[in-house]
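Order-wise, the sequence lines are chains W and X.
Per the working numbering, numbering through the first sequence is continuous, rising by one, with the last residue being 268.
Per the working numbering, numbering through the second sequence is continuous, rising by one, with the last residue being 277.
None of these hints come from the bench; they were simulated from the model.
Do not take every clue at face value.
[Unchecked claim] To give a feel for the contact side, a few chain X residues facing chain W, derived at Cβ under 7 Å:
1) C179
2) S180
3) Q187
The beta carbon of each residue, even a glycine, is placed where N, CA and C say it ideally should be.
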Amino acid sequence: MPQAVRSHVHIDAAATSDDPVVEVRGVSKTYADVEALRNIDLDFARGKLTTLLGPSGCGKTTLLKIIAGLIPASSGEVRVNGRVVTGPGPERAFVFQDFALMPWATVMRNVAFGLELRGVSPAERRRVAMQYIEKVGLAGFEDKYPHELSGGMRQRVGIARAFAVNADVLLLDEPFSAVDEQNRRKFQEDLLRLIEIEKKTFIFVTHSIEEAVYVSDRIVLLSPRPGRVSQVIDPDIDRSASPDDIRRAPAYLDTVEEIWDGLRQYAD
Amino acid sequence: MSSSVNLGDVTGVHKNPINVVQLLGRAFDARPALWSVASLALLFSAWEIAGLIPISIAFPTFSATVAAFVEMVLDGTMAHAYFLTLQPLILGIAISAVFGIVIGVVMGLSQKAEWLMAPVFIVLQAAPMAALVPLVTFVYGIGLTAKTLAVIMLALPVIVLNSYKAVRHANPSLIAMCCSFQGTRLQQIVKIIIPDASPVMFAGLRLGIAAGFIGVMLAELLITPTGVGDLITYHRSVANYAHMYAAVASIIVVSTVTLAGLQRFELRFLRPEKRKR
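Bound-form chain X, shown alone:
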């Protein structure tokens, strides 16, 4: 209260504008989502201003980018590009998720499997994959297989390593509890270890999916000019920067929405206790 009065005295402004600020403050307290909206509004305003200055002739304003996006949606180029991009992405992520979690869980449960496979995935995770993606082209050409492989190469190691660590660090006290009530090894894995490991496994899945998006973009930029990668390359080559940025921004939005969706899925189905918080 006192601070608002002081503000009025110092600036010599009447009480009305301060009340507006207070009202806004209350609205923000009541609906925390407004903060996210404000954060985006701030980002887009900064983008618009930077585009108007302009900081570079290759940097379009936010409004021009949105207009280009709408245009590409309406003429169908966006839908066609995503049709091509999502195929290897979904295929690659599905394969990485299934095999990654299975391999990771097996490595977490068995010391021998860990010794056998951990070095491979640690090397794969550390390797600069962008340098290896062109090699895939030599072997598999420029089709769907090569793009899918690029996604798997980036997504699989992080999913495997997170699942493996999650299982290895499952709460020993809960495992002892399961033993003390004569749970079988299978019950121990299904009812204790996997639920206990699921938050870290899902963190790995989120990282893996983010890496999968990088993989498919790398493939489309480096190997085969198709899909969203082609939209970016093509519009850059013809200096159509608003369209290029629209394509880049769209893939960022798709990636973000996918990851947020995965988080919701996890809270909804795997960790019901977190939802209540």
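Isolated chain W, as found in the complex:
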């Protein structure tokens, strides 16, 4: 059982965050007789992008949904800005893997939906939504319906919707997994630019090592069945370089290799 030993490695690495906006304390989750997560302790630093990375079945999406308040933890607690999470809250916004766009609503209404639910006036939510539609590069598409957009454009709608409610923490559940490779790269570059502008905290779930290293300030590796923190990596990559230079930088390539070494044992 080499995994059992690894699960203790993370603890001091997790405790080093200076200003944690999200604190996960002893979170476990058991579905019926399946143990999805075991005793997770993590801090997520304000203004940083942290990635939860791991093979399928490691519970990374479950952990993200527990932080979002969409599913309850079996034990342990999550605190956001010091307050214990009991359900979804205005300081968190979620981006769904399958986009979760209303097919009967235009891009404009989808982006403004979070504001609509809060009772913001139509004029005001149009104004705010338009601003984010432009920021994600969908200007001119605001009256289109989701089925008229490509997968990449649909997820831009999902991201604009999350930005529009002005949450402190954005939770992204494999946002690019349903987007084709070319668009995914462009999308990752756009995301880094948005992170630069918006200064928010991002928690990002992915199973792509390259994607994780490319976008993350910190990468949390989870091991599967049950999900535990196996390693925490802070890639030392110069984000001011051009996207192509980042992807060729030795630090980038070394980090990808280091993570792959850690995950190799879980590959089928």
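Here the structure of chain W is known, so what remains is to put chain X in place on it, guided by the hints.
Showing chain X alone in chain W's frame:
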């Protein structure tokens, strides 16, 4: 191109008739509605020929049926019959639609309501209603109430069960999305579940209305000889087959037009994204 040339060679026909075929082909491509017209023309021609053979002395030609229809419209019997038939039909369908959708949505949202009511409607849907319609006569006589009840008995179960299934199968990802943006339960129902369920709910409504037409015809044929059912029964009894067929065909047309109208209403007001396709 090559096929048209081959056709000309084989049949030895000059190019002109083939050009007519090509022109027709182009016209059909440009206006798909022509296919529906052609389909009806084919049906009516077959009807006319079958009537001319004749396959039965009780089977009139299409033209005789149309003539009988025009006659009944002009002398007012058609209008009078529909005045009587549409009352229980509209009343019954309106009651079934309102109660059916409300009951179905409540059953879809609440497990307890489902346990309480689902068995009743599943049994009602499975039961051969034609056998139960005469029982209504014993209780409510032969008036408007009995006819309306017959419509409800046929229309309500399918509307309830479709609404219930539509709500129960609303996209869980959209519901989670609504939760994540702190939507209230009411907002979740009104803004997510009902719009998402509306296509299946409308399919149920269409089936329910079709069943309502069956209900009112059964009632008029089995319980109370009035309205369009009486037209059919009366003209059959006096061997006036063209008139009988005209009455039968008219109710089919009314039913079809109603259902097509409902579909248009749904596309127009509830699913704007489908209209653009």
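Do the hints match the structure? See the list:
{"no.": "1", "hint": "C179", "in the structure": "holds, 6 Å"}
{"no.": "2", "hint": "S180", "in the structure": "holds, 4 Å"}
{"no.": "3", "hint": "Q187", "in the structure": "holds, 6 Å"}
Taken one by one, the earlier hints all hold for this structure without exception.
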